[in-house]
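Chemist: Line by line, the protein sequences are chains P, C, R, Z, V and S. Quick note: the first sequence uses the working numbering, first residue 292, plus one each step. Quick note: the second sequence uses the working numbering, first residue 292, plus one each step. Quick note: the third sequence uses the working numbering, first residue 292, plus one each step. Quick note: the fourth sequence uses the working numbering, first residue 292, plus one each step. Quick note: the fifth sequence uses the working numbering, first residue 292, plus one each step. Quick note: the sixth sequence uses the working numbering, first residue 292, plus one each step.
Treat the hints with caution; some may be incorrect.
Note that identical chains are pooled: a pair holds if it fits in a single copy or bridges any two copies.
Said to hold, decoys possible - Distance condition first, Cα-Cα at most 30 Å in a straight line; then the derived DSSO-like pairs of lysine-lysine:
1) Lys293 to Lys314
2) Lys581 to Lys314
3) Lys300 to Lys327
4) Lys363 to Lys380
5) Lys581 to Lys414
Just so you know, these hints were derived from the structure itself, not from any lab. Just so you know, these numbers come straight off a predicted model, no measurement behind them.
6 protein chains.
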Amino acid sequence: MKTYINEIKENDNVDSFFLVNEKTSGVTKTGNIYFKLKLSDRSGEMEGRIWTFAEKLASSFERDDFVHLKGKAALFQERLQLNIASIEKVPEAAILFSDFFPMTENDPDHMFQTLLEISRQVKNQHLSRLLGLFWEDEPFVQKFKMAPASKRLHHTYLGGLLEHTLSVARLVPEIACHYDGLNLDLLLAGSILHDLGKVDELSYHRAFDYSDEGRLIGHIILGIERVQAKIDLLPDFPRDLSTLLKHLLLSHHGQYIWGSPKRPMTLEAVVLHYLDDMDAKINGIKQFLKTQVSEGSRWSAYHREFDQFFYVPDYQDNMQAIDNIKQNGQKEQ
Amino acid sequence: MKTYINEIKENDNVDSFFLVNEKTSGVTKTGNIYFKLKLSDRSGEMEGRIWTFAEKLASSFERDDFVHLKGKAALFQERLQLNIASIEKVPEAAILFSDFFPMTENDPDHMFQTLLEISRQVKNQHLSRLLGLFWEDEPFVQKFKMAPASKRLHHTYLGGLLEHTLSVARLVPEIACHYDGLNLDLLLAGSILHDLGKVDELSYHRAFDYSDEGRLIGHIILGIERVQAKIDLLPDFPRDLSTLLKHLLLSHHGQYIWGSPKRPMTLEAVVLHYLDDMDAKINGIKQFLKTQVSEGSRWSAYHREFDQFFYVPDYQDNMQAIDNIKQNGQKEQ
Amino acid sequence: MKTYINEIKENDNVDSFFLVNEKTSGVTKTGNIYFKLKLSDRSGEMEGRIWTFAEKLASSFERDDFVHLKGKAALFQERLQLNIASIEKVPEAAILFSDFFPMTENDPDHMFQTLLEISRQVKNQHLSRLLGLFWEDEPFVQKFKMAPASKRLHHTYLGGLLEHTLSVARLVPEIACHYDGLNLDLLLAGSILHDLGKVDELSYHRAFDYSDEGRLIGHIILGIERVQAKIDLLPDFPRDLSTLLKHLLLSHHGQYIWGSPKRPMTLEAVVLHYLDDMDAKINGIKQFLKTQVSEGSRWSAYHREFDQFFYVPDYQDNMQAIDNIKQNGQKEQ
Amino acid sequence: MKTYINEIKENDNVDSFFLVNEKTSGVTKTGNIYFKLKLSDRSGEMEGRIWTFAEKLASSFERDDFVHLKGKAALFQERLQLNIASIEKVPEAAILFSDFFPMTENDPDHMFQTLLEISRQVKNQHLSRLLGLFWEDEPFVQKFKMAPASKRLHHTYLGGLLEHTLSVARLVPEIACHYDGLNLDLLLAGSILHDLGKVDELSYHRAFDYSDEGRLIGHIILGIERVQAKIDLLPDFPRDLSTLLKHLLLSHHGQYIWGSPKRPMTLEAVVLHYLDDMDAKINGIKQFLKTQVSEGSRWSAYHREFDQFFYVPDYQDNMQAIDNIKQNGQKEQ
Amino acid sequence: MKTYINEIKENDNVDSFFLVNEKTSGVTKTGNIYFKLKLSDRSGEMEGRIWTFAEKLASSFERDDFVHLKGKAALFQERLQLNIASIEKVPEAAILFSDFFPMTENDPDHMFQTLLEISRQVKNQHLSRLLGLFWEDEPFVQKFKMAPASKRLHHTYLGGLLEHTLSVARLVPEIACHYDGLNLDLLLAGSILHDLGKVDELSYHRAFDYSDEGRLIGHIILGIERVQAKIDLLPDFPRDLSTLLKHLLLSHHGQYIWGSPKRPMTLEAVVLHYLDDMDAKINGIKQFLKTQVSEGSRWSAYHREFDQFFYVPDYQDNMQAIDNIKQNGQKEQ
Amino acid sequence: MKTYINEIKENDNVDSFFLVNEKTSGVTKTGNIYFKLKLSDRSGEMEGRIWTFAEKLASSFERDDFVHLKGKAALFQERLQLNIASIEKVPEAAILFSDFFPMTENDPDHMFQTLLEISRQVKNQHLSRLLGLFWEDEPFVQKFKMAPASKRLHHTYLGGLLEHTLSVARLVPEIACHYDGLNLDLLLAGSILHDLGKVDELSYHRAFDYSDEGRLIGHIILGIERVQAKIDLLPDFPRDLSTLLKHLLLSHHGQYIWGSPKRPMTLEAVVLHYLDDMDAKINGIKQFLKTQVSEGSRWSAYHREFDQFFYVPDYQDNMQAIDNIKQNGQKEQ
């Protein structure tokens, strides 16, 4: 079982998996070579040292490898470090990603099944086949289930892209019933595909960051390219339909200033923009509130991107029981 | 039965109700006094003339009165005008407002009943009592059922405020189930009350326009005042709850630049802003498309406030049957 | 030889080609059917009437057809109209586009040859082959030689896209020599391809306007799609190179607010943005000055998009001969 | 020969020139006065101490003086400091500015000669004489050859103003040949004089900073004043020409928001704005990339003023040889 | 005595002065030459015709001349025109400018005397002498007393510049007493000189419009040049004082976007900006309200530059006598 | 007498009042409980320790209490701390607020009397009575005399709100005399009440910060509520007058972006906005200059909110005596 870094105490014997973020060598006063490591898992970072057989042990792994190590925690200059007795590289398959990176609290496989069910509501044969091509594309599905939705703003954890996509897609039938005249098929397909370029925009195997393509091209256009590549496999896909679907992707940020090269010009595009924006904001604020409200305060820290503070009301204590707070779980009962 | 202005043809004998928008007198070449009227109903405007017994007939009504008149339509300088034989003022109670102003296509009484049902979902006693005070305030309810939601942008017809309020409030439970942690009671009360100041902001008895208070104070603050006046009647209404409710009203435009003196700082305020904005935009676009798409085109005219064009896809013809277009009616089955 | 509308005088006998912009029928006082036409060429518009054999003559052509007609010009209510004796549709091949639409003053074929020469300066094999695929694509080349560069702002005439592309591409080697460290091949290819999506964005066979794809997708993304489709034919085209080339297209407007989904992030992208913007502005201003400076004034009318006035100095008269004004022709000597 | 601060190691005997940035006195535990100095050159800063004959030695120089000193480097609290045995002020003439401040990599005298040659292309007698007056103004020329072009954004080194001016002026004939109708003389004179107010805006004898006049008046207006002062010496300089030339200076930032009190209203002003802006941006980015791209990365750090990241493609390795990268030197062959 | 155009009725014999705005010749059906004139005074415009001795009479004056004419008013195509029997040019000295252009309601000479008195409060010898140089400059004083302050926004009448300058300068001592630490001399001089460039920016001898210099250079810089030219005559004028004074002029618009190349950086500059802006806005609104509030309404028309409506409260009728409305005159008692 | 923290030196015996900002307990190496305090007054903060009878002494007070303590100052790890011998809570009434918080330099009672005198200039009975109700509201008056005007920008000290209000109100009669047509009563009442909501917006009993209501509702609306509550007590207060008065409060920030839900639409509202803004800016700049101009410099530090630097001219030394600097005191002589 994984021993988490934030649980390790002085004198603990540690035997667990870690990610090596840095690996540098030094020379002791007595002239011996040693290695300094920066080790991490999802709970934090700590220093490691290899003092004995240093060169031999260190030859078996590189920076950015996952390793299995044994060692003992000791205090050095008031900070804990691990003195490593044995260490070796392990393959990715041997570790649990969720031990190392923040991860959605929902089950990706379960979320994906729910998304497939929603996909089946699409009656239009062209759109239905298009979605099918994506679901049959195993490498894509693997990335789609694991990718975060964003580096900093919302759903910034493994599985976040799927969670966000599912959340938006689940709102679509409700909204399409609420307002008449909306094309449910187009809106469903658009909501499911709207952010798919993010599988290429963000790299998230060692840390969350933008890929070169992500920065130079961006997920909106990368998504368009993936959609077009699939449409190329469907020779009688109507050009008008393709244009409308692509318009949904191109305009879903709503404004030029937010990186959309087109503003929403159809009712479906207007709706998709609002659902995407609202879902991202709500998740982003909730994630922020989890860590950025200090003990005893009801005000969050300052949120730089949104340029404001947020307030967490105390519904229980101060206001004589406003009990009617919805928990997501209730819904599924 | 009402004869509509846009149906009147040359030589028709007309016997119906009209609104007098202008009333001025003149002198014929033969030295007799006559009266020129501008008459209107919801279908348009036309000129009227009183040639005989002019002073006597004209003494019975003023500008902005509704009148019952009999007369005959004649062409004068290529335009139709009504030569009036008899005319007299009628009280407002004798006419149907919907003959004279654009009106919601839904039944205001039915919409209001639905809103009352939604109100009953509010479990918090303070909020529930507050809503009750509004529903018991008969003059308010009358205005609330009749007011338009806006002069130009969305729901610009009698009953539009109620229609918009109901639409937003109906979305609230769905969204509150979709995202956990939202306070349903507060969000319901906020959605029901968010635009209530519009009953004072807009005058709509002879034409849609802003009242002096509407322009100088605005519906957001006018709404705050109405809410505070009711809260003053509820001595143990918690101050914190009042603050949170008023924050919903004050921040529902979302941005300073759109007239909100505060930006949304609670999750409920964020949600209310999105639902209000989305509902207004969708209605606004749909109203615009009804009149601003020319025959044979799929593009709308330029929409000045939104600074763009809109597109109406031809789902039937061009794309091999995307049939999955939702009609509002379906939902209620 | 073409008789231009703005040359026709009362009582002229006319025998020439025109474009039919409108065609509607009416009934004379004596009960006969006649046809009203709106005719145009590049010099203007005028009314036409078919009084005799109206139905038979009118059956041979439709709105938006080019026609050959004979008739006589007469004054009717102070405006000239053509009374048509014979009229028949002619195929596009029979007319000169430049008689009907504003056209570049340069020879498209000659400009295209120059652009081919510039293409040959591209040494990188991948980029060179990519350009080659475009030049071999005859339907594309036809459109590329004829398309305008914009509906309203700059190079708003047939051949304008090619003229603008050539002008930018000709500046590239000079700038690439001026600043060291720029990749000439990439910059040449980017400048040649930067606006190619405009062949799909604008329709210009009867009037200059945006196509549905043009408005919903936009020339930037349409261009990306055309480039990607060609790259798909070049299996070993390096992915990095593709990314950099596409970045040039995506960022050439320079700012989100001008519709670029990415801002320039490489030196080549920065340079391309400046050259494109400068070339468009200079051409736009010069076109504007041709018609928008009134006789005797040195100030232009107000330019709405640029929100300003322009000034045309009188170098000859007022300032004792600043003779050093460059004419484009001088360069080629 | 200069010993640079970043080359000094423990126990080195140092005998070289430095700039005194700070000079403060203290008292040792034994009651003796000593002096603490902050010394700098273009490679960095270090501390100095005068322990013996402190008052006498320190009386010979002040803060902001250049000094010649001898001393020995010693570690004190883990940082190197110089224990000074002898020190004396030296006149500016005795030092090389380029030892103390960042400096253009090009030879100022050579650049200035090239600029003089370009000046000679101006045929208009008035403009030619005006430029002549500047070149004959020796104090101006000295400042003009040494001034940086900006404190932070571009050409932020001694000689940067001349380098930027020359770069823009050299582009002028190429652009004036490319577009017809431009007044070459005016554009040349404008490009040469456009930033000349920077000789007064920036002080750069001890550190790069704005002068009081620079902040309160700004280089645009300071330049106008210098130009007007010279024009006052040319009694028949045409007023219209003066207006047009000053307009070039006043509008060369292009937008109000960038500090131009006028936007470009003539074609020459439009061109000068683009050339100035492009040249500044390219230089600014290239300077930034020199220090702000970390080892092993192709992405720059975040550039605050431009609010973005920049990318440095690896043309050699990743893309199978895009060899066609221009070096400035090639041009001059 | 002047006969005003808006007082002339059919068949009136007219004998008065007018300004000729247009003068064109035509040929009657009988082959005779006649002249069409557009005549104006401050009350409006009307057409004039010279039928007899047309060429001879018309040879004595040109467009933009003031003329003395005799004629008779007649209706032609429902509009009045003057049939002219005699007409001759008169010199400017023979007419009253205020008959032809809108003019301040205050006496320019009296206002100027008041400004001179305020000038005398300046104790600093340099600033006092500088102001003296302006007051001794007779051509300047003539222009300064007559110029309007703006073409469209505020004080848009002859004498408006002086009126605005005086109004701002009169507020200065009050504000300088209210806040301590302000330099009264500098603030007085700055307020008196802040807009003086407007004597060159606007041409106002035949119509209010911008001069070429006004548009290309602008009143802020034109004012700087006039101030510098006077300072050049005062050899010991301190450079620091000159910088501070010029900073007041350069920054008085307050923001880059309003055309100031510098924002206010001293307390005096901050104060001057507020006083200038407030005085211009109040005058601008009051001028607007004079013509743009329709009978029976308390709301103004839409003010385009300010993008809003204004409200004129009915203090007398509606609010039980708020009598405490100040009239300017009261103050001087 | 108060001993200020910044005056305490090693080994001083201290006997004075302090505010307890933090209170935490620890355990000594010998196992005894001790208490760590953070103590403050207006001069700064320092650490305190209770070593003996710790639990007993510490039981008598809490964090945020004012205390009277005796102890001795000692150095610990190079920082002074107080070893406390006795300590006990004291009531607020026993301390002088001005010992603990920054305070206006003017006497609040004297300022308040002056404001009352200004109030008496209001002749309108309704407005006069309204002001009277505020002055009779003792709890309000207490808060109004003590509140700061802002947390960071201007008048950020106890009594600042009153000082700012008085400063604006004193300018009103001068401005109302300067411009005719202004309603002095309305403007006086508006200026006196414009910021009164700040008594609820800011909490300032332990530190300056926003209250929950302050952040969620804001002082503009909080002020409206206080005004409305008083108007409710005046049954015949004219509704029009109430609207105009509230408009002054709602619009006094001038722009949406600065938090005003309405822009000024009456002349009085325009004037109030300028006076409020100017007074806040001048005070804010002067406060900033007091601490943010470093020795020997005439330039301030960078002011983040205003995004600029400020300059403090040296009127005495550099410019040969510009003596005419007004001191506030002069006025009152």
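Chemist: Confirm or reject each hint.
Modeler: Tested hints:
1. Taking CA atoms no more than 30 Å apart as the test, lysine 293 paired with lysine 314 passes inside one copy only; the shortest distance there is 22 Å, against 38 Å between copies.
2. For the homomeric pair lysine 581 and lysine 314, the shortest alpha-carbon distance between copies (26 Å) is at most 30 Å, but the shortest distance inside one copy (33 Å) is not.
3. For the identical chains of this complex, lysine 300 and lysine 327 are neighbours both inside a copy (19 Å) and across copies (26 Å), given an alpha-carbon limit of 30 Å.
4. In this homomeric assembly, lysine 363 and lysine 380 come within 30 Å of each other (Cα to Cα) only inside a single copy, at 19 Å, whereas the closest approach across copies is 49 Å.
5. Taking the closest pair of Cα atoms, lysine 581 and lysine 414 come within 30 Å of each other only across two copies (28 Å); inside a single copy the shortest separation is 40 Å, beyond that limit.
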